[in-house]
Amino acid sequence: MVAASNRRSTLGTLVRRPWLARLLVIAALFVLWEVVARWLVDPLFLSPPSRVIASLDTVFTTRGVPAALQLTLFELMIAFALAVALGLVLGLAIGLQPLVRRSFFPIVLLLYGMPQVTILPLFILFFGIGAASKIAFGVTHGVFPIIVTVVAGVQNLKPILLTSARSMGASRWQIFRYVIFPHMVPSFFAGMRLGMSGVLLGVLLAELYVSIAGIGYFTTLFTQNFDPTKLLGLIGVLAAMAIALNALVRRAEIHFARWRS
Amino acid sequence: MAASEAAIKVRGVFHRFGEEGDQRFVRALADTSLEVAEGELLCLIGPSGCGKSTLLNIIGGLMEPSAGGVEVRGQSVRGPLPRDIAFVFQENSLFPWNTVVENIELGMTFQGVAKSERAARAAEALEAVGLKEFAHHYPAQLSGGMRQRAALARALSLKTPILLMDEPFGALDEQTRMILGEDLSVLLARTRKTIVFVTHSLGEAVFLADRVAVFSARPGSIKQVIAVDEPHPRRPEFVTSAKFTSLRNQLYGLLHDEIRKAVHQSTALGASRPV
Amino acid sequence: MQRHDRGTAVSRLIQAGFLVGLVLIWYLAATRWGVNRLLLPNPVAVYSDLLDILLSGEFVEDLQTTLGELAAAFAISATGGLALGYLISRSRYWIDVLEPLFAAVYAIPIILFLPLFVLFFGLGPASKIALGATISFFPIVINTIAGFGHVDRLLVTAARSMGASDYHLFRYVLLPAASPVILTGLRMGFTTALLSIIGSETLASLAGLGHRIVHLAEAMEMARMFAYIVFVIAIAVTLNAIVSALEARGKRN
Numbered sequence: 312m313v314a315a316s317n318r319r320s321t322l323g324t325l326v327r328r329p330w331l332a333r334l335l336v337i338a339a340l341f342v343l344w345e346v347v348a349r350w351l352v353d354p355l356f357l358s359p360p361s362r363v364i365a366s367l368d369t370v371f372t373t374r375g376v377p378a379a380l381q382l383t384l385f386e387l388m389i390a391f392a393l394a395v396a397l398g399l400v401l402g403l404a405i406g407l408q409p410l411v412r413r414s415f416f417p418i419v420l421l422l423y424g425m426p427q428v429t430i431l432p433l434f435i436l437f438f439g440i441g442a443a444s445k446i447a448f449g450v451t452h453g454v455f456p457i458i459v460t461v462v463a464g465v466q467n468l469k470p471i472l473l474t475s476a477r478s479m480g481a482s483r484w485q486i487f488r489y490v491i492f493p494h495m496v497p498s499f500f501a502g503m504r505l506g507m508s509g510v511l512l513g514v515l516l517a518e519l520y521v522s523i524a525g526i527g528y529f530t531t532l533f534t535q536n537f538d539p540t541k542l543l544g545l546i547g548v549l550a551a552m553a554i555a556l557n558a559l560v561r562r563a564e565i566h567f568a569r570w571r572s
Numbered sequence: 031m032a033a034s035e036a037a038i039k040v041r042g043v044f045h046r047f048g049e050e051g052d053q054r055f056v057r058a059l060a061d062t063s064l065e066v067a068e069g070e071l072l073c074l075i076g077p078s079g080c081g082k083s084t085l086l087n088i089i090g091g092l093m094e095p096s097a098g099g100v101e102v103r104g105q106s107v108r109g110p111l112p113r114d115i116a117f118v119f120q121e122n123s124l125f126p127w128n129t130v131v132e133n134i135e136l137g138m139t140f141q142g143v144a145k146s147e148r149a150a151r152a153a154e155a156l157e158a159v160g161l162k163e164f165a166h167h168y169p170a171q172l173s174g175g176m177r178q179r180a181a182l183a184r185a186l187s188l189k190t191p192i193l194l195m196d197e198p199f200g201a202l203d204e205q206t207r208m209i210l211g212e213d214l215s216v217l218l219a220r221t222r223k224t225i226v227f228v229t230h231s232l233g234e235a236v237f238l239a240d241r242v243a244v245f246s247a248r249p250g251s252i253k254q255v256i257a258v259d260e261p262h263p264r265r266p267e268f269v270t271s272a273k274f275t276s277l278r279n280q281l282y283g284l285l286h287d288e289i290r291k292a293v294h295q296s297t298a299l300g301a302s303r304p305v
Numbered sequence: 003m004q005r006h007d008r009g010t011a012v013s014r015l016i017q018a019g020f021l022v023g024l025v026l027i028w029y030l031a032a033t034r035w036g037v038n039r040l041l042l043p044n045p046v047a048v049y050s051d052l053l054d055i056l057l058s059g060e061f062v063e064d065l066q067t068t069l070g071e072l073a074a075a076f077a078i079s080a081t082g083g084l085a086l087g088y089l090i091s092r093s094r095y096w097i098d099v100l101e102p103l104f105a106a107v108y109a110i111p112i113i114l115f116l117p118l119f120v121l122f123f124g125l126g127p128a129s130k131i132a133l134g135a136t137i138s139f140f141p142i143v144i145n146t147i148a149g150f151g152h153v154d155r156l157l158v159t160a161a162r163s164m165g166a167s168d169y170h171l172f173r174y175v176l177l178p179a180a181s182p183v184i185l186t187g188l189r190m191g192f193t194t195a196l197l198s199i200i201g202s203e204t205l206a207s208l209a210g211l212g213h214r215i216v217h218l219a220e221a222m223e224m225a226r227m228f229a230y231i232v233f234v235i236a237i238a239v240t241l242n243a244i245v246s247a248l249e250a251r252g253k254r255n
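Protein chains in written order, with our numbering: chain A, 312 to 572; chain B, 31 to 305; chain C, 3 to 255.
Hints listed in this document are in silico derivations from the structure and should not be mistaken for laboratory results.
Keep in mind the model is a prediction, meaning the values are calculated, not measured.
There's no promise every hint is true.
[What the hints assert, rightly or not] Result set (DSS-like, lysine-lysine): computed pairs, CA atoms no more than 30 Å apart in a straight line:
no., chain 1, residue 1, chain 2, residue 2
1, B, Lys253, B, Lys223
2, B, Lys189, B, Lys223
3, B, Lys162, A, Lys469
4, B, Lys145, B, Lys162
5, B, Lys189, B, Lys39
6, B, Lys162, B, Lys189
7, B, Lys253, A, Lys469
8, B, Lys291, B, Lys145
9, B, Lys273, A, Lys469
[Claimed, not checked] Selected chain B positions facing chain A (Cβ under 8 Å, derived; list incomplete):
no., residue
10, Gly90
11, Phe117
12, Phe125
13, Phe140
14, Leu188
We put the beta carbon where it would ideally sit given N, CA and C, even for glycine.
Work out the full structure, taking the sequences as your base and the hints as a guide.
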């Protein structure tokens, strides 16, 4: 009797708290990983999470890794800032003038849908193996969603709001500053979220491609040395970086888009 | 009525949308003329698509007529006149990212009111429409009726001698309309503004107006103007009086054929141009 | 109507002018303004190399590799995504629990895990297929869950009340109701699979179109590399257009 009601209440707890179930699912996946890596697969190919976490410090003490990580973070932030600035300026330039928009927006959409990874080797040839090429590649990935969302934010302004402002004597600058711009801000922040994903993709792709310097050097090194522990550790750190940056941008979006809801 | 200079003079206004031969060609207004006296409330009433909103926009300088012209207080209208004319629209025209008081102050910023005066004027306007406690609410947090009060407050804060109102209560339910109509009448008695008010509702027109201009179906022109000789503020009992009913019936008689004509027009032409 | 046409004509003119201008600048930069031939090849050379590649059939082997990897990856992710998505969608509870988890994966560019796949599967097609399948799995499973999970309960109740069996329910109610969203998921999965395959061929491979471009870059054969870039972009755009058209066709029915 007691066992049955205990079981029912555990189930009840899980039912009422999906987030708990989610944590359990994630935990179960980790356990699966642990079991498979420890006993079912050659340690040359896969490392269990216990070992990866225990050996994280060796990743950081490998000479050059902290510097490479710092550089990558730096590239991500610069690329994001540039993509946002460029995206905002271009988005406004295209969105505000109907003729410009009709001419250039299709071109923007075309470029947005292009498989940019095809020209990654070109970027490296043009900009070298240093930070510049990573930043540039990150910017080209991040700028397009921002342009598109800024244009949309300018476009879907209700005409009545413009009419109303005009009737009260607003100048063109006032209309931009007090009507168009605040209206566009939530879209802009949504675009920034997509832009951050793009920047992450671009910078990390470029980093992984260059195997003689930066993060790419170490992923190549660990791969060739059949060191899955360090490789998983390094990738884990990068994944954590990605998650953190995305969360930051998401926070900013929620804060600035309050009036939309 | 004093022999004062008319506040608004509409002379021979014609308006068309599109070019002849276009699929979307519409003759909205044909030879419309009228005068609105200082301090008078004139209602424009007519069937859908008859051009009354178009006329309002032309009077307010938001559109240029295809022919003819408008004079407001002696000056020719060539564009918006923010110091003379304030609008209240039917659609929600408050900026959703600003609070009510921010909306009102922004209107004054556009008009050019000195920064030091804005807060006081905004408070005054909010008091007048009964929204003082909701000054810091966002439009999304307000009911439809309250939003229109806020829009009215914004227009009042601009202290323009003329108010143009395009079916401001059109999107609201009957009861809210009634209350707002009564409140508007009280407000007007106090401020003595010149108002042109577009409406679909016969009762609203008779209740609020000093004169009612009845439009014909498209292309719209003024069929007849009826006077409502009743002092402002209008008492709520006016609505049940014999005078009210007789005026309302008069309007109905004038409008009924035009409404039929307008319905026939819109079914014949398909999509009708919003006027 | 006339004014609208005039506006479109002008914008088309501007677009054409812009693109022609770009090509012109490219040509001048490569031939007259002294930009290093090792950086920017002559567009005429690119064009002739492109013709050569197409006519000689040199592209066939690489194209086969890439398309083969794409087909395999998509087959795996589609089957897995559709099946798992359907199973999960049968329980409101599991939808609530798992949907956010799947969506959370988008926070990380999964291509980051390529070195792991290479370590495990080697530099051959297997690692590309595995990564491609993993990446394209997510939009498919998420959309399948959304599609099946948000079918109007009223339709299900009505069908059941008429005596529909599980099979009938699936075939005549769930599938048609869910298919627009699912088709979108499949299209997104295909597009991401293509991108990730080209990407992983660029990063770590011995064959395939992505690898070919890298190889030419390392050999500094600029004109030929540009030609292949144009070719690959054309292939990608065409494939995406076909898939989008299929999606639209499927939705119309």
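Contradicted hints - numbers only: 7, 8, 9
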